[in-house]
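> Below are the chains, spelled out letter by letter.
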Amino acid sequence: MTRKNNFFVGYHDRLHKPDRRAMVLAGGAGLFAAALAGAKLAVHQQAWGSGNWDQQKTIVIEGVVEQSPYPVLRTAVLDGQMRSVSLVCSSKCGVSAQLELLEGKSVWVRGSVIARGRHRLLAVVENADWIGETQNVQNIPAVTEDYLGRAALSGEILDAKCWSGAMRPGSGKTHKACASLCIRMGGTPWFLARDKNGKRAVFVLTGPKGEPLREAILPLVGEPVRVSGRLVRRDDLVQFRVDPAAIQSV
Amino acid sequence: MSHGYTAVQWNRFKWRYDAVVLAGVTFFIASFVLMTMGSRIEGQSLTMVQVLVRAFGAASFLLLNVILAIGPLARLSARFKPLLYNRRHMGVLCFLLALVHAGLALLWYQGFSALNPVVALFVSNARFTSISGFPFESLGLIALFLLAVLAVSSHDFWQAALGPSVWKRIHMSVYAAYGLLVVHIMLGVVQGEKAGLYPASVIGMFCLIAGLHGFSAFTGRVTDRKVKASLDGWINLGAPQRIPENRAKTIRTAKGERIAVFRYDGKISAVTNICAHQNGPLGEGRIIDGCITCPWHGWQYRPEDGRSPPPFAEKISTYRVQIDNGVLYVHPDALPPGTQTPPALIETKAHDQKK
Numbered sequence: 017m018t019r020k021n022n023f024f025v026g027y028h029d030r031l032h033k034p035d036r037r038a039m040v041l042a043g044g045a046g047l048f049a050a051a052l053a054g055a056k057l058a059v060h061q062q063a064w065g066s067g068n069w070d071q072q073k074t075i076v077i078e079g080v081v082e083q084s085p086y087p088v089l090r091t092a093v094l095d096g097q098m099r100s101v102s103l104v105c106s107s108k109c110g111v112s113a114q115l116e117l118l119e120g121k122s123v124w125v126r127g128s129v130i131a132r133g134r135h136r137l138l139a140v141v142e143n144a145d146w147i148g149e150t151q152n153v154q155n156i157p158a159v160t161e162d163y164l165g166r167a168a169l170s171g172e173i174l175d176a177k178c179w180s181g182a183m184r185p186g187s188g189k190t191h192k193a194c195a196s197l198c199i200r201m202g203g204t205p206w207f208l209a210r211d212k213n214g215k216r217a218v219f220v221l222t223g224p225k226g227e228p229l230r231e232a233i234l235p236l237v238g239e240p241v242r243v244s245g246r247l248v249r250r251d252d253l254v255q256f257r258v259d260p261a262a263i264q265s266v
Numbered sequence: 006m007s008h009g010y011t012a013v014q015w016n017r018f019k020w021r022y023d024a025v026v027l028a029g030v031t032f033f034i035a036s037f038v039l040m041t042m043g044s045r046i047e048g049q050s051l052t053m054v055q056v057l058v059r060a061f062g063a064a065s066f067l068l069l070n071v072i073l074a075i076g077p078l079a080r081l082s083a084r085f086k087p088l089l090y091n092r093r094h095m096g097v098l099c100f101l102l103a104l105v106h107a108g109l110a111l112l113w114y115q116g117f118s119a120l121n122p123v124v125a126l127f128v129s130n131a132r133f134t135s136i137s138g139f140p141f142e143s144l145g146l147i148a149l150f151l152l153a154v155l156a157v158s159s160h161d162f163w164q165a166a167l168g169p170s171v172w173k174r175i176h177m178s179v180y181a182a183y184g185l186l187v188v189h190i191m192l193g194v195v196q197g198e199k200a201g202l203y204p205a206s207v208i209g210m211f212c213l214i215a216g217l218h219g220f221s222a223f224t225g226r227v228t229d230r231k232v233k234a235s236l237d238g239w240i241n242l243g244a245p246q247r248i249p250e251n252r253a254k255t256i257r258t259a260k261g262e263r264i265a266v267f268r269y270d271g272k273i274s275a276v277t278n279i280c281a282h283q284n285g286p287l288g289e290g291r292i293i294d295g296c297i298t299c300p301w302h303g304w305q306y307r308p309e310d311g312r313s314p315p316p317f318a319e320k321i322s323t324y325r326v327q328i329d330n331g332v333l334y335v336h337p338d339a340l341p342p343g344t345q346t347p348p349a350l351i352e353t354k355a356h357d358q359k360k
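Protein chains in written order, with the numbering used here: chain R, 17 to 266; chain E, 6 to 360.
Please note: incorrect hints may appear among the correct ones.
Here are some of the chain R residues that sit facing chain E, going by a computed Cβ distance under 10 Å [to be verified]:
| id | residue |
| --- | --- |
| 1 | GLY54 |
| 2 | ALA58 |
| 3 | GLN71 |
| 4 | ARG184 |
| 5 | ALA195 |
| 6 | MET201 |
| 7 | GLY238 |
Derived pair list, reagent style DSSO-like, types lysine-lysine, alpha-carbon separation capped at 27 Å [what the hints assert, rightly or not]:
| id | chain 1 | residue 1 | chain 2 | residue 2 |
| --- | --- | --- | --- | --- |
| 8 | R | LYS73 | R | LYS121 |
| 9 | E | LYS320 | E | LYS260 |
| 10 | E | LYS199 | R | LYS215 |
| 11 | R | LYS121 | R | LYS225 |
| 12 | R | LYS56 | E | LYS199 |
| 13 | E | LYS173 | E | LYS19 |
| 14 | E | LYS254 | E | LYS320 |
| 15 | E | LYS19 | R | LYS33 |
| 16 | E | LYS199 | R | LYS212 |
Just so you know, the hints here were simulated from the structure itself, not pulled from any lab data.
Where is the CB? At the ideal position from N, CA and C, for every residue including glycine.
Using the sequences provided together with the hints, build the complete structure.
See the structure below:
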C-alpha cells in the first residue's frame, strides 16, 4: 500500500508499516524527551535554600520568656551562648496568647529546633504540654539594646519559620500566599535584605517603636520591597524598625 | 462508533497508546523527583510534598502542550493522525495531574491553619492590580475548573446529550485554560526562578503551539478558497476524474459552508465536511467499506444518504450532484441530514475501458 492510500482507523487496529514505524519512533522519542525534560527542569531549579527542621526530634530547653514584639526564649542552653530563640507554632498559628501569663518568667519549653545559619527557632506542638515554669534557669542577663543606625534596605518580608526550614521554597512568589497566611495567623515576620552583590542578611521586622507588625504588612509579604528604617540590636537579634506605610513594592 | 452501543472500544493500539502516555508521565515525574532529591544537600529539610507539587504541575502543563500540538500536526501530516485517537484520555490524565498539583499545593501552603485552605488562599493575597504580587494561584484554579469540565464532558455520553456543536464550543475552552496556565506559570514559579530555562521553556512552548495552529490555519485557508456558483446556482468542479478514487475534494461555498465531494466506485456524492462526532473534516477522510470514514475518530456515513450504517443512527447533510458533458456540478444548498441523494455516475470513455 502506498503512503498516499494509508488511512488509519483506530477501531480497526491496523497501523500500516510506515505509520507503525513512525509511531514507535514517536513513542520512544517521547519517553526519552519526558525523562530528559524532568531531569533538566529539576537540575535548573533555583536552590531550595538551606535550613533544617526535624519535627521528629523534640527537645526541652529552659530560659526566660519574652513576648514582645514576637515570642522568644532567651537561653544559653543550646550552645552555651546567649541566644534569643524564636518560639513558633508547628502549624500556622502564633504562640503569643499562651505566653501572656509567663512573660519574663523562667520556663521550660518543649519543641523541635528549626535552624538556618546562626538563627534558631523552636517549633512547639500546640494542644500538648509544651511549656511550664521552672526554677532551674540561672544567669540570664538583662536584655541589651543597641541602636545601630538608619538603613534603606531592599529585600523581602517573609515568615521566620517558613524561611528557616519549614517550607521549600520559603521565600519568593510561589511562597507569598503561605507566608502571608503564616504572619496573619501569628507568625514572626522577618526582613530578608539583599544588596547588589547578592549578600543577604535577616532582620526581625517591627514597627517604628519596636512593636509587632502584622495586618499592615500582609499585602507586601513575599514581594521585592524597599524601605527605610532604624536598625536596633536586641540581644543577638537585629530588629529593623520601619513605618509599614513607607514600605514600597519594587 | 455511536454512544448508544459500546462506550469505549479498546483494542491493542489504544492500550499501547495509553501505556506510552502513562509511561511518559511516569518517566517525567520520576526523573524530576529523583534529580531534585538527589541534588538535595544533606541535612536540609526538603519534603517530598514540595517536590511533587512542582513535578505534577510541570507534567500536567507539558502534557497539555502535547495535546494541543496533536491537532495541528495531524492537519499538517497524516502521519500524526493516529495520535488523535485517545487524545481525550490524555486530556483526562492532564486534569488528574493538575488536580494532584493543586491539591498538594493547597494543602501544603494554605493548610494547617484555623482557616479553610480555599478561604485562606483568597484572603492571603488579593493583589490583583500588581504584576509582581498577582495571586497567580487564582488563575490556576480557574484553569483547573475548566479542565475538570472538559475531562468530565469528554465522554461520548455528553457529546450525544449536548450535541456536537455545543460540545465542540465547550471544548474550545481548552485554549482559555491553556492561556490561563501560561500566565499562572509566568506569574508564579517563573518569577522566582533565576535560570533562563524556565521562562524560555514556557514561552517556547507557547510560541510552538501558537505557531502550529497559525501555520495549520494558514495552509488550510490557502486550500480552502470560496467557490462561486454559476447563475443557475450550481458549482462547477470540473472533471470528476480529478478527484482521487475513494477520496474527496473539499470546497467552500459563498455562504462559507464546506462540502466534501467524494469519488468512489465510478460515482460522485457530496456531503457536509463536518462530522457529527467532533466536527472532524470528513473531506480529509476516505471511503472504507463503502462508507465515508472520518479521519479523526473513524465515524462512518453512507455517501448516498449521509447516514451511518445500521445499527448506528448518526446523520449528516447531503448535497445534490450532477455530471453534465463530463463536468461535475454540486448544488450549494444543503439537504436535511440523512436525505437520500442519487450519486452522479462518471461516464467511462471507450478508450478508458480499453485500458
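> Hints first: check each against the structure and report whether it holds.
Each hint, compared with the structure:
Interface restraint check for R/GLY54: the shortest CB-CB distance to chain E comes to about 3 Å, inside 10 Å, so the restraint holds. Interface restraint check for R/ALA58: the shortest CB-CB distance to chain E comes to about 4 Å, inside 10 Å, so the restraint holds. Proximity of R/GLN71 to chain E holds as hinted, the smallest CB-CB distance being about 9 Å (cut-off 10 Å). Interface restraint check for R/ARG184: the shortest CB-CB distance to chain E comes to about 5 Å, inside 10 Å, so the restraint holds.
The interface hint given for R/ALA195 is met, as the beta carbon of that residue sits about 8 Å from the closest beta carbon of chain E, less than 10 Å. About 5 Å separates the beta-carbon of R/MET201 from the nearest beta-carbon of chain E, less than 10 Å, and the hint is met. Checking R/GLY238 against chain E: minimum C-beta separation of about 8 Å stays under 10 Å; hint holds. For the hint linking R/LYS73 to R/LYS121, the alpha-carbon distance of about 26 Å falls within 27 Å, and the restraint holds.
For the hint pairing E/LYS320 with E/LYS260, the CA-to-CA distance comes to about 22 Å; that is within 27 Å, so the pair holds. Distance check on the hinted pair: E/LYS199 and R/LYS215 sit about 16 Å apart at the alpha-carbon level, within 27 Å; holds. As the CA atoms of R/LYS121 and R/LYS225 are separated by approximately 23 Å, the hinted pair is consistent with the 27 Å bound. This hinted pair checks out: R/LYS56 and E/LYS199 have alpha carbons roughly 14 Å apart, not beyond 27 Å.
For the proposed pair E/LYS173 and E/LYS19, the alpha carbon gap of about 23 Å is at most 27 Å, so the pair holds. The hinted pair formed by E/LYS254 and E/LYS320 meets the criterion: a straight-line CA distance of about 20 Å does not exceed 27 Å. A threshold of 27 Å between alpha carbons decides the hint, and for E/LYS19 with R/LYS33 the separation of about 17 Å falls inside it, so the pair holds. In summary, the hint linking E/LYS199 to R/LYS212 is supported, as the alpha carbons are separated by about 15 Å, within the 27 Å threshold.
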